[in-house]
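*Asks:* What follows is the residue order along each chain.
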Amino acid sequence: MTLLRLLCSILICSCLFNCSQEDEVSNFIVGEEFTDSNVRVIRIDTLSVDLSTFKLDSITTSETGRLLFGQYNDASLGKISTTPYFELSSYTYSISDAAVLDSVALILNYDQYFYNDTTQLMQMRFHRLNEKVKPYDSDFYNTSTLSFYDSPIATKTFAPRPNSDSLHVSIPFEFGNTMFDFIKDNTSDTEEFVQEYKGFTLQIDEASDGSVIGFSTETDSTYLRFFYRLSDDDEDTEYTYDLYITESSDIPKHFNRIQSDVSGLPLSNLTNQDYNLSSLDSNNESYYQSGVGYFTRINFPSIRKLYEIEGQGTVIDAKLRLKPKIHSYNDNLPLKDSLSLYYIDQNNSITEQVSNSLGEVMSTIVESVDGYDDVYYEIPVLQYIDRKLIQSPLIDDAIILYHADYNKSVDRMIFNDMYENEGAKLILTYAIYDTN
Amino acid sequence: MPFMIQIKNKLLLPFILLFALSTNINSQTNNLTGSPYSLFGLGIEGNSNIGKSSGMGYTGISLDASEEINFLNPASFATIKEKKFIFDIGFYTQIESLNNGENNELRHVTNFSNFAIGFNANGKYGLGLSLLPSSNVGYTLVGIESVIEGSNNESYSTNITGSGSLNDLRVDYGQPLLKNLNVGLRFSYLFGKIEETESVQTTTSLLAIEKDNYYSGVRFGFGAQYTFLEKNTIGLTIESPTSLSASRDTTTSKITESALTTIEETTNENIANFKLPLKLGLGISKKYKYFNFALDFKKSFWNSTNQSDETGDYVDQNIINFGTEFIKDPTSYKYWERINYRAGFNYDSGYLKVDDKNISSSSFSLGLGFPLDFNGSKLNLSYGYKKTGNIDGILIQENIHTININLSLTDLWFIKRKYN
Numbered sequence: 141m142t143l144l145r146l147l148c149s150i151l152i153c154s155c156l157f158n159c160s161q162e163d164e165v166s167n168f169i170v171g172e173e174f175t176d177s178n179v180r181v182i183r184i185d186t187l188s189v190d191l192s193t194f195k196l197d198s199i200t201t202s203e204t205g206r207l208l209f210g211q212y213n214d215a216s217l218g219k220i221s222t223t224p225y226f227e228l229s230s231y232t233y234s235i236s237d238a239a240v241l242d243s244v245a246l247i248l249n250y251d252q253y254f255y256n257d258t259t260q261l262m263q264m265r266f267h268r269l270n271e272k273v274k275p276y277d278s279d280f281y282n283t284s285t286l287s288f289y290d291s292p293i294a295t296k297t298f299a300p301r302p303n304s305d306s307l308h309v310s311i312p313f314e315f316g317n318t319m320f321d322f323i324k325d326n327t328s329d330t331e332e333f334v335q336e337y338k339g340f341t342l343q344i345d346e347a348s349d350g351s352v353i354g355f356s357t358e359t360d361s362t363y364l365r366f367f368y369r370l371s372d373d374d375e376d377t378e379y380t381y382d383l384y385i386t387e388s389s390d391i392p393k394h395f396n397r398i399q400s401d402v403s404g405l406p407l408s409n410l411t412n413q414d415y416n417l418s419s420l421d422s423n424n425e426s427y428y429q430s431g432v433g434y435f436t437r438i439n440f441p442s443i444r445k446l447y448e449i450e451g452q453g454t455v456i457d458a459k460l461r462l463k464p465k466i467h468s469y470n471d472n473l474p475l476k477d478s479l480s481l482y483y484i485d486q487n488n489s490i491t492e493q494v495s496n497s498l499g500e501v502m503s504t505i506v507e508s509v510d511g512y513d514d515v516y517y518e519i520p521v522l523q524y525i526d527r528k529l530i531q532s533p534l535i536d537d538a539i540i541l542y543h544a545d546y547n548k549s550v551d552r553m554i555f556n557d558m559y560e561n562e563g564a565k566l567i568l569t570y571a572i573y574d575t576n
Numbered sequence: 427m428p429f430m431i432q433i434k435n436k437l438l439l440p441f442i443l444l445f446a447l448s449t450n451i452n453s454q455t456n457n458l459t460g461s462p463y464s465l466f467g468l469g470i471e472g473n474s475n476i477g478k479s480s481g482m483g484y485t486g487i488s489l490d491a492s493e494e495i496n497f498l499n500p501a502s503f504a505t506i507k508e509k510k511f512i513f514d515i516g517f518y519t520q521i522e523s524l525n526n527g528e529n530n531e532l533r534h535v536t537n538f539s540n541f542a543i544g545f546n547a548n549g550k551y552g553l554g555l556s557l558l559p560s561s562n563v564g565y566t567l568v569g570i571e572s573v574i575e576g577s578n579n580e581s582y583s584t585n586i587t588g589s590g591s592l593n594d595l596r597v598d599y600g601q602p603l604l605k606n607l608n609v610g611l612r613f614s615y616l617f618g619k620i621e622e623t624e625s626v627q628t629t630t631s632l633l634a635i636e637k638d639n640y641y642s643g644v645r646f647g648f649g650a651q652y653t654f655l656e657k658n659t660i661g662l663t664i665e666s667p668t669s670l671s672a673s674r675d676t677t678t679s680k681i682t683e684s685a686l687t688t689i690e691e692t693t694n695e696n697i698a699n700f701k702l703p704l705k706l707g708l709g710i711s712k713k714y715k716y717f718n719f720a721l722d723f724k725k726s727f728w729n730s731t732n733q734s735d736e737t738g739d740y741v742d743q744n745i746i747n748f749g750t751e752f753i754k755d756p757t758s759y760k761y762w763e764r765i766n767y768r769a770g771f772n773y774d775s776g777y778l779k780v781d782d783k784n785i786s787s788s789s790f791s792l793g794l795g796f797p798l799d800f801n802g803s804k805l806n807l808s809y810g811y812k813k814t815g816n817i818d819g820i821l822i823q824e825n826i827h828t829i830n831i832n833l834s835l836t837d838l839w840f841i842k843r844k845y846n
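Chains as they are written, first to last, in this note's numbering: chain L, 141 to 576; chain V, 427 to 846.
These are calculated hints, taken from the structure and not from any lab test.
Accuracy of the hints is not assured; some may be wrong.
Said to hold, decoys possible - Ranges of calculated distance between the beta carbons of each label pair, as one might list FRET restraints:
#, chain 1, residue 1, chain 2, residue 2, range
1, L, D185, V, F613, 45 to 51 Å
2, V, N529, L, S508, 37 to 43 Å
3, L, V506, V, D782, 15 to 21 Å
4, V, K783, L, V506, 57 to 63 Å
5, L, S508, V, D782, 47 to 53 Å
6, L, S478, V, S671, 55 to 61 Å
7, L, S442, V, F613, 58 to 64 Å
8, V, N529, L, V506, 35 to 41 Å
9, V, L798, L, G451, 58 to 64 Å
Unchecked claim - A short, non-exhaustive set of chain V residues, derived as facing chain L with CB atoms under 8 Å:
#, residue
10, E690
11, A698
12, G802
Remember, it's a predicted structure, so these values are computed and weren't measured experimentally.
Virtual Cβ for every residue (Gly too), placed ideally from N, Cα, C.
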């Protein structure tokens with residue numbers, strides 16, 4: 141073997157050796173003292189959490205697919221009432237001249253949404269609008285209203301059954317027949333029809349204190365139905381003709397007016413969207429109410445105290461625990477699960493949704509082992525904290541909890557602040573990685 | 427034949443360069459020595475696989491280099507015979523069992539250990555060029571559980587890994603000064619990268635700190651060998667203390683909510699130099715019949731480097747090596763009579779003191795040298811068993827089995843062309 145050949149084989153060998161060398165991962169455990177670890181991991185749950193309540197000036201409530209109807213009184217959030225406005229029309233207006241009306245009824249299909257006490261009777265008044273269902277700009281809001289004729293077309297007192305099929309409201313024959321004749325004789329299209337019958341509203345009796353329920357706006361769920369007969373060779377055949385809430389791509393055809401009367405309550409101070417009602421001024425509570433537009437504003441004013449900890453560090457986990465006030469929720473007033481998180485700016489305008497690499501950040505409800513009385517929301521807030529730690533210039537932004545149904549429901553939640561029942565607690569896991 | 431050698435010479439040089447380059451790159455990659463003790467300082471000082479010496483308990487300060495390169499004393503390069511060219515390459519494979527009194531674990535490492543050439547072109551002096559690891563770092567400490575301070579017994583775990591090596595690229599020069607007295611000088615360029623990664627893991631998140639430490643520096647060595655009464659040699663080596671300049675690149679990142687964020691990145695940060703101590707070595711050897719006996723004593727003055735680690739201190743280190751070699755007759759026509767048989771042991775007091783205990787080690791080795799031709803080329807195999815540390819307190823005992831494979835090729839070069 142010549143030297144050259146040997147060398148070549150060594151070269152190949154060495155490559156093989158080096159390539160086959162493995163970095164073996166080991167799990168050998170030795171005493172902690174043996175390491176030169178400089179990392180400290182500490183738990184910090186003493187930083188303050190500020191809760192306050194603000195109110196959005198308005199919420200778009202048009203075209204939500206739900207007619208929201210009802211009223212209830214709440215000790216903290218006042219009297220909430222919601223009344224739907226809608227236009228009824230059809231795609232066709234041809235009814236035989238020989239048609240004879242039997243009866244007319246408004247059919248309202250429950251969509252299963254309810255809030256608060258449905259054992260209380262409700263009184264519904266069906267009114268005719270005297271202005272068209274047409275917004276000033278492109279949308280209707282929870283504050284919008286349309287004028288209607290004082291005297292109702294029909295009145296119905298009923299026990300709401302949100303899990304059953306539908307509510308049937310009989311329309312007086314006289315009113316129905318006039319309408320039927322108008323369609324038969326004078327209507328060829330929707331424009332002509334809504335010129336006369338501009339729209340309708342469901343009004344709730346002032347004294348009602350029970351629940352808020354939802355009706356679906358699907359064309360096969362909610363409609364004004366005319367039952368009529370056609371006589372042919374001594375034989376009567378029964379027919380129906382429906383008016384319903386048509387879907388429109390540009391002009392909204394229905395909306396809900398959602399009002400709350402908070403006079404005498406701390407919330408009555410909220411007259412402007414950029415005004416914050418501190419939990420300290422509202423019984424150590426903060427509020428959330430969809431539909432009306434109350435949101436709990438959460439921020440961590442002393443978060444930069446983390447900089448006072450010696451050494452370089454970073455927050456590796458941050459959870460906010462938010463406790464709903466005990467006894468403020470029950471089966472009639474359920475807590476909303478899966479609330480998402482939004483950033484708001486210093487004017488309380490919603491800027492963007494909080495999301496991380498897994499998608500949108502959601503809260504979860506954690507129930508304590510010893511019963512339903514002690515539940516809390518666990519909210520991942522690391523994104524917000526990292527943002528606050530590096531924000532420059534520092535602005536008074538915050539995060540809010542927000543439910544996807546917020547424009548078509550009236551759910552409310554009451555949270556305790558950090559001074560009440562340890563209601564709000566920020567739990568940070570902080571790693572100090574450089575003590576120099 | 428001389429013509430052939432000439433051609434070989436021309437072909438070989440690019441090969442050697444290429445090889446040097448490739449080993450250089452390879453020796454920069456992760457080398458797990460497998461020893462947790464390597465987390466101190468710049469790791470475990472390299473047991474350079476010195477062909478013959480590794481079978482003789484790493485003895486060699488007073489041994490010559492007439493047939494094989496001797497890395498232990500630059501003066502030995504003077505003994506390379508005229509017009510001889512020696513090429514030396516080695517590998518080792520280690521099986522290591524770790525014991526902390528409760529658990530046992532086996533680790534296995536195979537690695538390149540050295541590459542060297544040595545020659546004497548004109549009979550006046552010997553020169554050597556070699557690349558060998560000076561120290562190796564390779565440790566993993568996994569699953570160290572700690573409690574999050576201030577929490578209700580929630581724990582996090584720390585994983586620490588280190589890898590890398592410090593390489594020694596050296597030039598040795600040796601020449602006779604007086605009759606029976608050879609002296610030598612060494613220039614070492616030490617360089618390398620040591621990576622340390624520490625990660626801290628909670629149930630939801632992970633924080634990782636990666637430190638890449640770069641070290642470089644030069645070191646000088648002096649050696650002398652004096653032969654008296656023909657068969658006795660004493661040797662002396664001095665290695666200068668040196669300070670390796672160091673810089674660090676650090677990347678700190680975290681994985682939270684499944685997203686990786688880089689928190690901080692620093693490059694070229696100045697960190698404390700690492701000091702290597704003055705090292706003195708004294709050796710004596712005696713040839714007796716078929717035997718050659720050698721005894722070395724080495725001392726490294728770590729105390730005066732005034733360095734300490736997080737948990738350990740550097741203390742003066744004493745090493746005693748004893749080795750012997752037997753060969754019946756190197757010129758015999760019977761192959762077995764030309765085989766070298768070697769044995770040795772050493773004791774190393776260690777340079778680390780942890781928990782008030784020196785991390786000492788002792789080892790013994792057995793070796794064989796198989797001649798490949800009549801020029802002195804050899805295939806050297808050796809087996810070593812080493813025991814380091816003990817299982818007291820936080821310490822670990824390591825039992826290391828090492829097999830060294832070394833190839834030392836010798837040829838006649840530098841012969842003038844006879845035909846043009």
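*Asks:* Could you check the structure against the hints above and give me the numbers of any it violates, in ascending order?
*Replies:* Those not satisfied are hints 1, 3, 4, 11 and 12.
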